[in-house]
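**Q** Got chain A sorted already, so can you dock chains B, C and D onto it with the hints?
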Amino acid sequence: MDGPTSATTVSVQREDFDLGAEARHLTESSTDIGALVSFTGLVRGSAETVRAMELEHYPGMTERALETIAAEARSRWPLDGVRIIHRIGRLEPGDQIVLVLTASRHRQAAFEAGEFIMDYLKTRAPFWKREETAEGAHWVDARETDETAANRWDG
Amino acid sequence: MDGPTSATTVSVQREDFDLGAEARHLTESSTDIGALVSFTGLVRGSAETVRAMELEHYPGMTERALETIAAEARSRWPLDGVRIIHRIGRLEPGDQIVLVLTASRHRQAAFEAGEFIMDYLKTRAPFWKREETAEGAHWVDARETDETAANRWDG
Amino acid sequence: MRILYFAWMKERIGTGAEEIDARDTATAHELVALLRARSEAHALAFEDLSAIRVAIDQEMATFDSPITGASEIAFFPPVTGG
Amino acid sequence: MRILYFAWMKERIGTGAEEIDARDTATAHELVALLRARSEAHALAFEDLSAIRVAIDQEMATFDSPITGASEIAFFPPVTGG
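Going line by line, the protein sequences match chains A, B, C and D. Going by the working numbering, the final residue of the first sequence carries number 155, and the count climbs one at a time with no gaps. Going by the working numbering, the final residue of the second sequence carries number 155, and the count climbs one at a time with no gaps. Going by the working numbering, the final residue of the third sequence carries number 82, and the count climbs one at a time with no gaps. Going by the working numbering, the final residue of the fourth sequence carries number 82, and the count climbs one at a time with no gaps.
Just to be clear, a hint being listed does not mean it is correct.
According to the in silico footprint, chain B covers these stretches of chain D (three or more CB under 8 Å from chain B) [what the hints assert, rightly or not]:
| id | stretch |
| --- | --- |
| 1 | 28-42 |
| 2 | 49-63 |
| 3 | 67-80 |
Short derived list, chain C residues pointing at chain A, Cβ under 10 Å [unchecked claim]:
| id | residue |
| --- | --- |
| 4 | Ala-41 |
| 5 | Leu-44 |
| 6 | Phe-63 |
| 7 | Thr-68 |
| 8 | Ala-70 |
| 9 | Gly-81 |
Think of the hints as simulated: they come from the structure by calculation, not from any bench. Source: prediction; values computed, not measured. A virtual CB, placed ideally from N, CA and C, is assigned to each residue, including glycine.
Isolated chain A (complex conformation) (with noise of 0.2 Å):
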């Protein structure tokens, strides 16, 4: 056991997140970690395009899928640490959506994880959004870029 710093931690939550209490808690209990990087997904919309939305998700599978994407990205990188927070529920502009943050002694593999952590969340995690806009309801359509992305850490 290398302390909570090595430790994985995933949660999907109504709540919202601490980006800057999430961050020290990853950090503060080894002075090995050279390297932080954290992505926050924000949604974007106004009064005229996207006023809300809300985040459906499948209870269970959601969890093991972030677990498992984690485990991959810790088996690619040397990560001290891995945070994965992803938020459920109605949520407004401007209102944080996903939390990924990653601790490593080097800068590449931290940036590298992270990205990577978010392409296969984008597209292996069960999550589905639905907007409400002036005119009603839909359910967002899956984004072939998000395929494309995730698909470059192919082999």
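**A** Below, chains B, C and D alone, put in the same frame as chain A:
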């Protein structure tokens, strides 16, 4: 003008910084930012290895160099905000050294711009580290790998 | 066997979960044929399989994947989280 | 012309800044020759130019860069921030 979020802000300071507060500041004035990437560099070491380090810089040129790097990143990727903080003076293991925040509509742009800024900062911004170990103090040598990392963005 | 639906699959079928006896179905594809026959809503929801993903016991799978012994099969559109 | 030294260049030369009359020097390389002649410490500090970087008026440059009209030239080892 698209407001404060479109700004590039660069600081060279002795004081510590607050990732959470800096992230909020960069994203709070716009609901068009979908992605925020942060890089935090931390001092690695221990009583047996590096006990502390002293960061020297070239006042005047440092700020210019960081602004040039940020401008170069903004010319390459669609960014809604860039924040760079680099500390100087005496730092101990676990201390934060550098923060780079990149905000964008697109996550790949935010990731790549953050990595680019760090690669360029490592090889082009006039900072020098002096490490204190049990054997005495010595100036840190530049690393070939940092030069290689910076060169991959060329051409 | 427990069948789950998410997002617009759930809306179109009108329920998020149903129990079904699928002892003689070998693959997810065969299960779809069985489900399509249950109601007009099912037939409509399963009209275009290229727009649907399947998970077997909470693991992403394909329509050719064997489902023998599985206890939970989920159908949903391509994911859009993050 | 103002000359600045940083990191071990400053330590070896014994000062971080000095004024020098370099009206007849055209390039950073020629300036180095002038500086080497100032003292043993200068000669030692400038021994291996491959270990030294130069900035002209706060912009990274090379030893072949012209320095005519420049007001501040800095010498330092390769940078190690971040």
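**Q** State for each hint whether it applies.
**A** These are the hints, each one checked on the structure:
For a cut-off of 8 Å, the count of residues in the stretch 28-42 of chain D with a CB near a CB of chain B stands at 0, and the three-residue condition is violated. For a cut-off of 8 Å, the count of residues in the stretch 49-63 of chain D with a CB near a CB of chain B stands at 4, and the three-residue condition holds. Residues of the stretch 67-80 of chain D with a Cβ under 8 Å from some Cβ of chain B number 6, which satisfies the need for three, so the listed coverage holds. Using the Cβ-Cβ criterion of 10 Å, the hint placing C:Ala-41 at the interface with chain A is not satisfied: the shortest such distance is roughly 17 Å.
Residue-level restraint check for C:Leu-44 is violated (minimum Cβ-Cβ distance to chain A is 15 Å; threshold 10 Å). For C:Phe-63, the suggested interface contact is broken, since its CB lies about 17 Å from the closest CB of chain A, more than 10 Å. At about 20 Å, the closest approach between the beta carbon of C:Thr-68 and any beta carbon in chain A exceeds 10 Å, and the interface hint on this residue is violated. This hint is violated: C:Ala-70 has a C-beta 13 Å from the nearest C-beta of chain A, more than the 10 Å allowed.
Because the closest C-beta pair between C:Gly-81 and chain A is about 3 Å apart, less than 10 Å, the hint holds.
The structure does not agree with the numbered hints 1, 4, 5, 6, 7, 8 stated previously, though it agrees with the rest.
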